[in-house]
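Visitor: For the record, the sequence lines run as chains A and B.
If you read the first sequence in the working numbering, its first letter stands for residue 314, the second for the next number, and so on.
If you read the second sequence in the working numbering, its first letter stands for residue 2, the second for the next number, and so on.
Note that these hints are calculated values from the structure, not bench results.
C-beta atoms are modelled at their ideal positions from N, C-alpha and C, and glycine is treated no differently.
One or more of the hints may lead you astray.
Label-pair distances were calculated between CB atoms; the ranges are [as the list claims (entries may be wrong)]:
| hint | chain 1 | residue 1 | chain 2 | residue 2 | range |
| --- | --- | --- | --- | --- | --- |
| 1 | A | Gly537 | B | Gln134 | 44 to 52 Å |
| 2 | B | Glu59 | A | Ala526 | 25 to 33 Å |
| 3 | B | Ser22 | A | Ala411 | 43 to 51 Å |
| 4 | A | Pro428 | B | Gly123 | 56 to 64 Å |
| 5 | B | Ala64 | A | Gly537 | 37 to 45 Å |
| 6 | A | Val419 | B | Ala64 | 49 to 57 Å |
| 7 | B | Ser116 | A | Asp452 | 47 to 55 Å |
| 8 | A | Glu577 | B | Thr147 | 52 to 60 Å |
| 9 | B | Asn3 | A | Val522 | 39 to 47 Å |
| 10 | B | Asp45 | A | Asp452 | 18 to 26 Å |
| 11 | B | Ser116 | A | Gly342 | 51 to 59 Å |
Negatives, chain A to chain B, calculated, CB over 10 Å [to be verified]:
| hint | residue |
| --- | --- |
| 12 | Ala403 |
| 13 | Arg534 |
| 14 | Leu536 |
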Amino acid sequence: MHTDPRFLVEVGVLLLLLGAAGAVAWRIGLSAVPLFLLAGLAVGNGSLFPAPAAADFLSFASGIGVVLLMLTLGLEFSSAEFAQSVRRHAPSGLVDLALNATPGVVAGLLLDLPPAGVLAMAGITWVSSSGIVARTLVDLGRLGYRETPAVLSVLVLEDIAMAAYLPILVVLLSGGGLGGGLIGMAIAVGTVSVVLVLAGPIGPRLDRVLSHASAEQVMLRTLGLTLVVAGLAERAGVSAAVGAFLVGLAISGSTADKARHVLEPLRDLFGAAFFLSFGYHTDPRDMPAVMPAALLLAVVTAATKVVTGWYAARREGAGPRGRRRAGLALVARGEFNLVIAGLAVGAGIEGIGQLATAYVMVMAVGGPILARLSGQRRDTPRGPGTPTARSSATPG
Amino acid sequence: MNVSETLLPGVGIRYEFATDSGERVGLVARRDGRVDVVVYDPDDLDVATPVMTLSPAEANTVAELLGAPRIAERFADLTREIPGLVAAQLEVPQGSRYAGRAMGETRARTLTGASIVAVVRGDQVIASPTPSQPLESGDILVAVGTAEGIAGVREILARRPD
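My request is simple: use the sequences and hints to build the entire structure.
Guide: Below, the structure written as structure tokens:
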């Protein structure tokens with residue numbers, strides 16, 4: 314067996330680059346996603362340090378990366394958590410969709426994109442990054458805060474909605490037209506309900522097949538099953554990402570915990586390859602031209618997310634401070650938005666790749682920063698003349 | 002006491018309660034076993050002060066500290082009223098002859114006069130166990146009797162397999 318030494322060196326250097334970028338991100342408490350994108354831009358076509366031999370690895374690894382990102386996203390939430398989120402926050406989910414998809418639609422129309430491209434833009438501005446948001450809440454020690462269930466519920470609802478949105482998008486992108494889109498929607502709604510209904514009877518059986526005392530067995534079985542389902546889904550025209558996501562939703566309980574644990578390092582490697590490859594295939598010379606549009610979109614959709622969080626946190630009974638924190642926590646966009654952009658780019662829609670790259674870079678950096686700032690500002694103390702609830706409630 | 006429970010999707014469960022002294026306390030039990038403790042500002046529940054984060058082992062220890070002794074304490078109140086009566090917690094030691102056997106086989110009451118009134122296993126309490134109750138090493142037995150009787154039970158539990 315002969316391995317091209319150039320290939321090994323280039324992939325090795327890329328991984329070192331990712332490691333360094335990740336370490337910087339970890340140090341300053343920010344998501345590594347934007348740095349991975351930058352690293353990709355730095356080694357891609359038309360860049361300063363082109364690494365052509367690594368292209369094969371990136372295209373193969375980023376395919377698995379999308380599957381793993383979607384699988385772990387599906388594994389993240391249990392059906393009890395879905396049920397509670399729907400019960401308590403269904404209106405928040407609708408507000409989230411209406412406020413945050415609209416700027417994407419407007420941007421898509423202004424850019425004169427085809428309908429499928431407009432739909433993709435809607436998704437890109439709509440969903441928050443559950444990875445970045447959850448990590449920020451943990452880092453800032455906000456898990457016990459009043460508004461936190463509202464923030465997490467919005468993330469869960471977006472994830473459920475994605476299970477229906479992605480198949481429709483994929484069908485439209487493949488040129489299915491309106492009829493095809495409706496069929497895609499039927500397939501999507503059908504599959505999602507089948508998965509949610511079958512998760513009851515099939516879940517335990519699936520868990521028995523996948524669970525094993527050895528981590529290696531859990532990893533091989535889960536990954537194997539997911540890749541097969543993802544491949545079949547791709548073949549059936551509903552995209553590998555959707556298939557992997559549905560597998561993640563169907564796995565539950567302790568198997569999900571174990572699978573999450575063993576798949577994490579793999580997801581980190583291949584997920585990083587996905588972000589890298591996204592930057593790699595974007596020409597850095599295009600970036601300055603799309604930056605103003607990306608920034609404008611970022612400002613508008615940051616504001617709409619703040620309103621969404623405000624609304625959701627109010628349903629949870631939080632006061633103004635908690636509502637503001639919830640809104641700012643939700644601003645971050647990340648991996649999911651790039652997966653959507655990747656589907657659109659793959660279908661040959663022009664102009665969406667650069668804009669999405671720039672937009673996600675701004676939002677993945679800006680989101681956690683805004684979330685951090687919102688915690689430090691304290692409300693001004695009440696004036697001496699203002700009556701407070703306390704003076705009447707506590708004697709003496 | 003009223004404890005409200007909220008699922009935190011992807012994170013764990015949040016328990017919330019108010020103490021008699023007026024503090025509102027939140028406990029976040031994360032999926033990985035860590036526990037965060039926060040205290041809410043009574044004037045503005047949006048202001049929460051993180052108090053500490055316990056590792057899974059620390060959380061277990063705290064649970065044990067707060068759990069098992071409370072049962073013995075309640076018996077202590079009872080024994081205070083009856084002179085000569087003592088309550089004690091006795092652990093079934095590693096390698097005890099009675100680990101894995103029914104409690105009745107110890108013949109503790111017949112031999113010492115002391116009664117075993119509860120078996121505490123982890124966070125589970127078996128109140129007024131029957132003689133067929135199996136014992137495991139590490140179980141805490143709550144025994145009531147005279148001081149000599151309790152010492153006798155302790156000695157029986159410490160016996161090694163023949």
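Visitor: Can you let me know if the beta-carbon spacing of Ser116(B) and Gly342(A) is within 51 to 59 Å?
Guide: holds, 58 Å
Visitor: With 47 to 55 Å as the target window, see if Ser116(B) and Asp452(A) comply at their CB atoms.
Guide: holds, 53 Å
Visitor: Is it true that Asn3(B) and Val522(A) lie within 39 to 47 Å of each other by Cβ?
Guide: Holds: the Cβ-Cβ distance is about 42 Å, inside 39 to 47 Å.
Visitor: Over 10 Å from every CB of chain B: does Ala403(A) meet that, or does the non-interface label fail?
Guide: holds, 14 Å
Visitor: Do Ala64(B) and Gly537(A) keep their Cβ atoms within the hinted range of 37 to 45 Å?
Guide: holds, 39 Å
Visitor: Starting from the hint 25 to 33 Å, judge whether the C-beta atoms of Glu59(B) and Ala526(A) obey it.
Guide: Holds: the Cβ-Cβ distance is about 26 Å, inside 25 to 33 Å.
Visitor: Kindly confirm whether 43 to 51 Å is satisfied by the beta carbon distance between Ser22(B) and Ala411(A).
Guide: The hinted range 43 to 51 Å holds for Ser22(B) and Ala411(A), with Cβ atoms some 45 Å apart.
Visitor: Examine each Cβ of chain B, and state whether all of them lie more than 10 Å from the Cβ of Arg534(A).
Guide: holds, 21 Å
Visitor: Test the statement that Leu536(A) is away from the interface with chain B: the closest C-beta pair must be farther apart than 10 Å.
Guide: holds, 21 Å
Visitor: Is 49 to 57 Å respected by the C-beta to C-beta distance linking Val419(A) and Ala64(B)?
Guide: holds, 54 Å
Visitor: If you check the beta carbons of Asp45(B) and Asp452(A), does the distance land in 18 to 26 Å?
Guide: holds, 23 Å
Visitor: Holds or violated: 52 to 60 Å for the Cβ distance of Glu577(A) and Thr147(B)?
Guide: holds, 57 Å
Every hint, counting from the list given before, is met by this structure.
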